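Engineer: Chain by chain, the residues run as shown.
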Amino acid sequence: MIPTLLLVSLMVFAIMRLIPGDVVSLMFQDLGYAQSLAEMRARLGLDLPVHEQYLRWLGGLLRGNFGESLWTQRTVVSQLAERLPVTLELTLLSIALAVLYGGITGIAAAVRPDGWLDVTLRSIAIAFLSLPTFWLGTLAIVLPSLYLGWSPNIQLVDARADPLGHLGQFLLPAAILGTHLGAPVMRMSRAMMLEVFRQDYIRTAWAKGLAERRVILKHALRNAVIPTVTILGVQMAQALGGSVVMEVLFQLPGMGSLLIEAVAHRDFPMFQSLVLCLALLVMAVNLAVDLAYLAIDPRLRTHGR
Amino acid sequence: MPTHRRFLAVLVALSLVGLAASSAPAQPKRGGVLRVAERADPVGFDTLGKKKASVYTQLVFAYTHNRLFKYGPGGEIVPDLAAAHSQPSPTTYVVTLRKGVHFHNKPPVNGRELTSEDVKFTFERVVASPEARLFPTLKAVTTPDRYTVRFELSAPSSAFLANLAATTMYIYAKEAGKPTPDGGRDYTAVDTVVGTGPFMLEEYREKQRLVFKRHPAYFEAGKPYLDGVEIYLIADASAQLAALRSGRIDILVASTGQGLPHLLAPEARTVSGASVITHKVFQTSENVIGRLDMKPWSDVRVRRAVSMAIDRSTYMKVIFPEGADIISGPIPAASRYFVPVERLGEAAQSYQYNVAAAKKLLAEAGYAGGFKTKLYTTVGYGPEYVTRTELLKDMLSKIGIEASIVVQEYPVWIASTYKGSYEGLVHIPAWTLGDEDEWLGAYTPGDTRNHIHVEDGRLTELIRLARQAPSEQARAQQIAQFVRTFHENMYRVFLPLPALLTVMSNRVKGYVPSVRGYSYATGLVDVWVE
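Chains A and B, in that order, are what the protein sequence lines are. Under the numbering used here, the first residue of the first sequence carries the number 1, and numbering increases by one thereafter. Under the numbering used here, the first residue of the second sequence carries the number 1001, and numbering increases by one thereafter.
Chain B extracted, bound-state conformation (with noise of 0.2 Å):
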């Protein structure tokens, strides 16, 4: 072979295994802090006390304990105590816990064994707790083993695994609250804050820290990659993008749905170093409403006016440059039971931006000439809420509904706004933590969250129907005719939902996010630093 034509073969061998190299998937390194901003400070250590727990106290539950179920990131239920589970019947689940799972090696629970009792005592603080609402037909918890947990209901219940996983559900250790004068157990403080998950906490100081170090005998082999995770307390969005320019932290996730990052994606994108993740979240959905038992609302044909009345494509070009999804409900759109509008048949016509149909519709209605109103909002979800408001409103004007924007004070807007005590329309988002029951289960007559007062024989009927379905399929069909028959009657005006962000340096490596935000943490036992 001439020596030129060697050459070339020997520079396209190089070539090629330096290509299969730079693409192989990089190997977890042990070791390394990762650096986490937060906005703010957990508000006590129990997921299952009197009252409802913060979000930000279900985050640190994901570095230091684990369910019985976990979502995966795509919101997935995959096992995570549960080793194996069954439903011998349509009431009964049987699940059996993984062997050798230890707590963390801290006083007084110092570091034993996981066992079937403590599921157990789980479930007596669950329905003593906010929770309970989670489980209306669990009717006993016993255990046949120490590794066996066995569940009856008193009546089929088609999310209950999925409830199992939803963020508050971990499972304590008996000794580590602190008794009460009633004979329960106290876990507000932070030396109660014992669990079996990846990570202990190590420190926690208000308003500044949280400190986590490794849980050396996580019953995942090897992990977590990581040996701690430090979180910072910063509740300004510049400071927290700041101190990641600045080398201070590694990653900020958009987990919260509030101060939406989505705003400052130019500015992060700027970050040298840094990289910017956009993904769909599970939890939240924005509207218009108003009430179905008052007029105007109560006339689909007006629901339908209004809905037609929004440009979404400006509006997502304007307020959402990252991109969004159209429409966000009644199923959140990273849910699988999602409807994109394209398969919403003729109900997706009332999506379509149309001002000469809207006023039609609206004199059709008797409201030739429009109608004045009142349209609530609040500044508790951030000044861009507000703004995304006074967009809402120009568009509604365009139809002749001229609206006079209410800014409420969040405390107000929930104790009236928010509790369905209004008159005229609302900017309101929807969003829940939990499985796509929870999500349902707002348009029932009677829950806190029927902000709009629907009272729909035949939506209460799917309700009933999903949440008692022998199977996925079954539930699967259920869900989707419900969304179909909301759909049909507008009975929210569903706008589009933005894509969230996650930026980090690119020293973090192996980070998948999670459609479930506030459970993300879960996630970072597969993460390692370089």
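Just chain A, same shape as in the assembly (with noise of 0.2 Å):
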């Protein structure tokens, strides 16, 4: 994990020297963030040699200091605790989505293969991966303002204060985005599904005359599980990207529309904090996701003694 996140930090330090048009010139003459050149260099800290550029942020980021905006003069991370916990809320009640749509199909979809039912959702799973969710976001918020009179929250609902208007402020977004998510979980838990039904100890299990319920949710679903549950860790890279988009349409005050505005006003200092940071969250899911093989597959615990 630290030789990802040096390599990561490494990358996001190059992307700030390599984009194309002059840089400090921009921050200096258009947007007005120092009194000369010099100067933006030195706020910058381009005055100095790169390798000492890149440890100095380095050192920084050990002790805890991300740095400050240059847009808004306020710290990274006090910028970052207002935001963060939006966009980790949305991103894991997508997840969750995600998981409980995809999981639930895939295993309704293997039971009977090739039926009906199995055909529907599958139609629906291919459906959900195809549209884009900006597309289905906007349509969500122009409809039923259109036929209903009715839009989502335009602020953000204080979540102490009404916490149910909270959740369902974000229901909608996570839903969409889920259901995008959630679509690769349902093909991949239907085709492991299918896959273990095809292993000898279901048969035995059929054989004993066990009930179809715990053949399935017992002996099955636990060792089709552990490659859904991998590319989970994937998902969650794409739900945190797939927020920047839903946070800007639904009005939610988060890290998405943090990096837009970083990104869109050369704000190096708080753009390279932020990336190295989602770099981080996306890090820590797929480390749980490792330790959740653990706990799912018993054999893993023992292989390395």
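In short, the hints are calculated from the structure, not lab data. Computed from a predicted model, the values in this text were never measured in an experiment. Cβ atoms here follow ideal geometry from the backbone N, Cα and C, with glycine treated the same way. Don't take each hint at face value.
Subject to a maximum C-alpha distance of 20 Å in a straight line, what follows is the list of computed DMTMM-like cross-link-like pairs (lysine to aspartate or glutamate) [said to hold, decoys possible]:
#: 1; chain 1: B; residue 1: Lys1374; chain 2: B; residue 2: Glu1423
#: 2; chain 1: B; residue 1: Lys1419; chain 2: B; residue 2: Glu1409
#: 3; chain 1: B; residue 1: Lys1360; chain 2: B; residue 2: Asp1299
#: 4; chain 1: B; residue 1: Lys1174; chain 2: B; residue 2: Asp1186
#: 5; chain 1: B; residue 1: Lys1372; chain 2: B; residue 2: Glu1390
#: 6; chain 1: B; residue 1: Lys1139; chain 2: B; residue 2: Glu1124
#: 7; chain 1: B; residue 1: Lys1106; chain 2: B; residue 2: Asp1186
#: 8; chain 1: B; residue 1: Lys1051; chain 2: A; residue 2: Glu68
#: 9; chain 1: B; residue 1: Lys1050; chain 2: A; residue 2: Glu39
#: 10; chain 1: B; residue 1: Lys1509; chain 2: B; residue 2: Glu1530
#: 11; chain 1: B; residue 1: Lys1052; chain 2: A; residue 2: Glu39
#: 12; chain 1: B; residue 1: Lys1050; chain 2: A; residue 2: Glu68
#: 13; chain 1: B; residue 1: Lys1052; chain 2: B; residue 2: Asp1437
#: 14; chain 1: B; residue 1: Lys1051; chain 2: A; residue 2: Glu39
#: 15; chain 1: B; residue 1: Lys1174; chain 2: B; residue 2: Glu1117
The following label-pair restraints were derived from C-beta to C-beta distances [to be verified]:
#: 16; chain 1: A; residue 1: Leu171; chain 2: B; residue 2: Val1190; range: 30 to 36 Å
#: 17; chain 1: A; residue 1: Arg63; chain 2: B; residue 2: Ala1132; range: 36 to 42 Å
#: 18; chain 1: B; residue 1: Gly1222; chain 2: A; residue 2: Ile15; range: 55 to 61 Å
#: 19; chain 1: B; residue 1: Glu1267; chain 2: A; residue 2: Pro298; range: 55 to 61 Å
#: 20; chain 1: A; residue 1: Ile15; chain 2: B; residue 2: Lys1372; range: 32 to 38 Å
#: 21; chain 1: B; residue 1: Arg1464; chain 2: A; residue 2: Ala42; range: 35 to 41 Å
#: 22; chain 1: B; residue 1: Arg1507; chain 2: A; residue 2: Leu171; range: 29 to 35 Å
#: 23; chain 1: A; residue 1: Leu58; chain 2: B; residue 2: Ser1397; range: 51 to 57 Å
#: 24; chain 1: A; residue 1: Ala42; chain 2: B; residue 2: Ala1132; range: 21 to 27 Å
#: 25; chain 1: A; residue 1: Leu7; chain 2: B; residue 2: Arg1464; range: 58 to 64 Å
#: 26; chain 1: A; residue 1: Leu171; chain 2: B; residue 2: Lys1372; range: 51 to 57 Å
#: 27; chain 1: B; residue 1: Ile1405; chain 2: A; residue 2: Leu164; range: 48 to 54 Å
#: 28; chain 1: A; residue 1: Pro163; chain 2: B; residue 2: Arg1507; range: 29 to 35 Å
#: 29; chain 1: A; residue 1: Ile15; chain 2: B; residue 2: Ile1405; range: 21 to 27 Å
Bring the two chains, given one by one in their own frames, into a single complex with the hints.
Structural biologist: Listed below in structure tokens is the structure:
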């Protein structure tokens, strides 16, 4: 994990220096971040040798100093503290809905392969996979306003004051994102369940006369779920990307809109730290996925002994 | 009188009374909160800081602060904090302040009266800010008494009063700013927003909303009518319209020039219980340009050919269904100095769509078969802007100009093309929030906005004469001459400029759109809700 993090930090650091256009001149002359080109270079730390710039930045990160936004002059940490919970809430809710939707429909489809339910569920999953979330999100905003005179809340509902209202505000964007993310989960669950259904121990379970529910949930599901959990790690990265669009469409003040603004304003301290933070999140989820394997499959716990 | 005649007479009388009642202007009503949609957060709360103030910061100040002068709905300059003004000499302006103007009752200012010292302090900040560019000839600001401010200039400036009305020139209370180590004052924090304006900023939640409450001691008696204004920050245009449709907001003001709601016009017309107002704005213009110091744009015949290749009528029908002005420069269409095409004389011919004549001009310039070039554009002005570039490319291809579109990311566009560093053609907007003087200034050699690299001694001289014109009439003459010279040489190929839309709920009354869109909130003092 640490080598990956170092690699990501190097990449983020390099992107800033490889980006086209004279960034320093842009920031000084058009965005007015400093009084002179020299001051601008100094503020960005670009007046130092490259290796020193990188080490200083890395040193700051290790001390918890993520820097300060050039645009708002607020510390990155304070902005993150406000925005990260919103993004995490949306992302985790989307993933939860993706698991629920993908898992249940995947199992249901696998039980009667090529039956009408399987065909219908697979078609719906492909539709969710194909439809862009920004389009679905726009429709989810425009259509109810057209026909029902309703639109989503335009400001963040305080979770302490109105927990249900708060959850309701996240539900629609999370459902859109969740169905999109859940489609591959559904396909993977279905494929893995079918694979497991062909195994001898499942045939034995059927032969023993066990109930269908017990065969599916106790014997098949646990063995089929590992590859599905693996793709959840990848889906988490997608969910973080997708949340950018949903946050803008549904007026959710999360990290996505912060990232867009940081890129648009060439707010590099903010941009660098946000990307690094997102990378850290994705790595943490993948670590959690690896740990989940141990919980799901006891053989992995004894394998190394 | 027979009964039926008496009945008829009563009916007619009642109808007349009813008609009179319905045509009488509605009476303003006190109370209510107006909910407005805006696209983005203010960036700090200082219009005179070290960096240029964002337009969204300027918008906030239109609610909370006043200027010495302001723009009326038609762009005319009218007094704001000024009660009177005089010009004893071409280089001296004396402004008398209104008496009884109070700041918001917030610490540390605590509702004290505005005095000339506040104006002086504000101008000390102006000269140290990027806004100093508006007053290059300002020599001294003195305060002969509590309500009088005297401005001394080093040379006459016909745009001086207009620049006092610029949307950054709000008057600050010194003690509202936080002291800085260098002895200055810092106004970036939200609690420093203490002005004399009709509304007081009560709450700001980033990416969410700004809440304003009525200033009870506002100097215009009985105003504002509203108890408050809530601005909801909604970046997406569809979400804005949906919020209007569902009654979560009352008004969408097309003030930014970006993501123009004209594309939403047919949709906006379907919002039940809402009205759509079409209006002109002052700040923008769109053009096709090239560099005058490089071929082929250096040849006036090429520039005219490009202009004649543009079918402006089709362009307007396709792109701006809500209507547009045929051309939009070099002075904006909403300006009192604007010269419409029909008054351009011979130069008007270059604005006629004529492919054959355009090809002939190109042949005369040595480009009989046309030429290949790049056509720069950017996504920074929204996807619809690039759509317009694509239409232009098609039109240019009809006269043999094979343009390959280069779509640039906005920061790259600003750092290179917008600075005048490009080869080929550019689809570019021109915009400024300021007076006509700022528009003219863009054609001065060395100006950062001189994208076309024009160095025409006649234009420079006309700009100088307009700036130093002793009277409004003389200024108008110089600007008119500048406009004619510009069109004769077709330095920029001006494109149609769309009308903007304000979409608002019918409960909003008394709203008059301003050609100076960025200060529309100034007009909200006259608005009430039913």
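Engineer: Please go over all the hints and tell whether each is borne out by the structure.
Structural biologist: Here is how each hint holds up against the structure:
Proposed proximity of lysine 1374 of chain B and glutamate 1423 of chain B is supported: the alpha carbons are some 7 Å apart, at most 20 Å. Note on lysine 1419 of chain B and glutamate 1409 of chain B: the hinted pairing holds, with a Cα-Cα distance of about 14 Å set against a maximum of 20 Å. Of the supplied pair hints, the one linking lysine 1360 of chain B and aspartate 1299 of chain B holds, its CA atoms being roughly 14 Å apart against a limit of 20 Å. Restraint check for lysine 1174 of chain B and aspartate 1186 of chain B: satisfied, since their Cα atoms lie roughly 10 Å apart, inside the 20 Å limit.
For the given pair, lysine 1372 of chain B sits about 15 Å from glutamate 1390 of chain B by alpha-carbon distance, which is consistent with the 20 Å threshold. Distance hint between lysine 1139 of chain B and glutamate 1124 of chain B is fulfilled; the C-alpha atoms sit about 11 Å from each other, no more than 20 Å. With a C-alpha separation of about 17 Å, the suggested pair lysine 1106 of chain B and aspartate 1186 of chain B falls inside the 20 Å cut-off, and the hint holds. Taken as a hint, the lysine 1051 of chain B and glutamate 68 of chain A pair is honoured in the structure, with Cα atoms around 17 Å apart against an allowance of 20 Å.
At most 20 Å may separate the alpha-carbon atoms for a hinted pair to count; lysine 1050 of chain B and glutamate 39 of chain A meet this at roughly 13 Å. Annotation: proposed proximity of lysine 1509 of chain B to glutamate 1530 of chain B holds, straight-line Cα distance about 7 Å (limit 20 Å). For the hint pairing lysine 1052 of chain B with glutamate 39 of chain A, the CA-to-CA distance comes to about 17 Å; that is within 20 Å, so the pair holds. A threshold of 20 Å between alpha carbons decides the hint, and for lysine 1050 of chain B with glutamate 68 of chain A the separation of about 17 Å falls inside it, so the pair holds.
Between lysine 1052 of chain B and aspartate 1437 of chain B the alpha-carbon distance is near 19 Å, which keeps this suggested pair within the 20 Å criterion. Pair hint lysine 1051 of chain B plus glutamate 39 of chain A holds up; C-alpha atoms about 14 Å apart against a cutoff of 20 Å. Restraint check: the Cα-Cα separation between lysine 1174 of chain B and glutamate 1117 of chain B comes to about 9 Å, which is no more than 20 Å; the hinted pair holds. With their beta carbons about 32 Å apart, leucine 171 of chain A and valine 1190 of chain B fall inside the hinted range of 30 to 36 Å.
The hint said 36 to 42 Å for the Cβ distance between arginine 63 of chain A and alanine 1132 of chain B, and at roughly 40 Å that hint holds. Against the hinted window of 55 to 61 Å, the Cβ-Cβ separation of glycine 1222 of chain B and isoleucine 15 of chain A comes to about 57 Å, which satisfies the hint. A C-beta distance of roughly 58 Å is found between glutamate 1267 of chain B and proline 298 of chain A, which places it inside the suggested range of 55 to 61 Å. Between isoleucine 15 of chain A and lysine 1372 of chain B the beta carbon distance is about 33 Å. The supplied range of 32 to 38 Å therefore holds.
Between arginine 1464 of chain B and alanine 42 of chain A the C-beta distance comes to about 39 Å, which sits within the given range of 35 to 41 Å. Between arginine 1507 of chain B and leucine 171 of chain A the beta carbons are some 30 Å apart, a value that agrees with the proposed interval 29 to 35 Å. The beta-carbon spacing between leucine 58 of chain A and serine 1397 of chain B, approximately 52 Å, falls within the hinted interval of 51 to 57 Å. At about 24 Å, the beta-carbon gap between alanine 42 of chain A and alanine 1132 of chain B stays in the expected band of 21 to 27 Å.
The beta-carbon spacing between leucine 7 of chain A and arginine 1464 of chain B, approximately 59 Å, falls within the hinted interval of 58 to 64 Å. Checked against the given bound of 51 to 57 Å, the beta carbons of leucine 171 of chain A and lysine 1372 of chain B, roughly 54 Å apart, stay inside it. Take isoleucine 1405 of chain B and leucine 164 of chain A: their Cβ atoms lie about 50 Å apart, and the range 48 to 54 Å holds. For the hinted restraint 29 to 35 Å between proline 163 of chain A and arginine 1507 of chain B, the CB-CB distance of approximately 32 Å keeps it satisfied.
For isoleucine 15 of chain A and isoleucine 1405 of chain B, the Cβ-Cβ distance of about 26 Å falls inside the hinted range of 21 to 27 Å, so the restraint holds.
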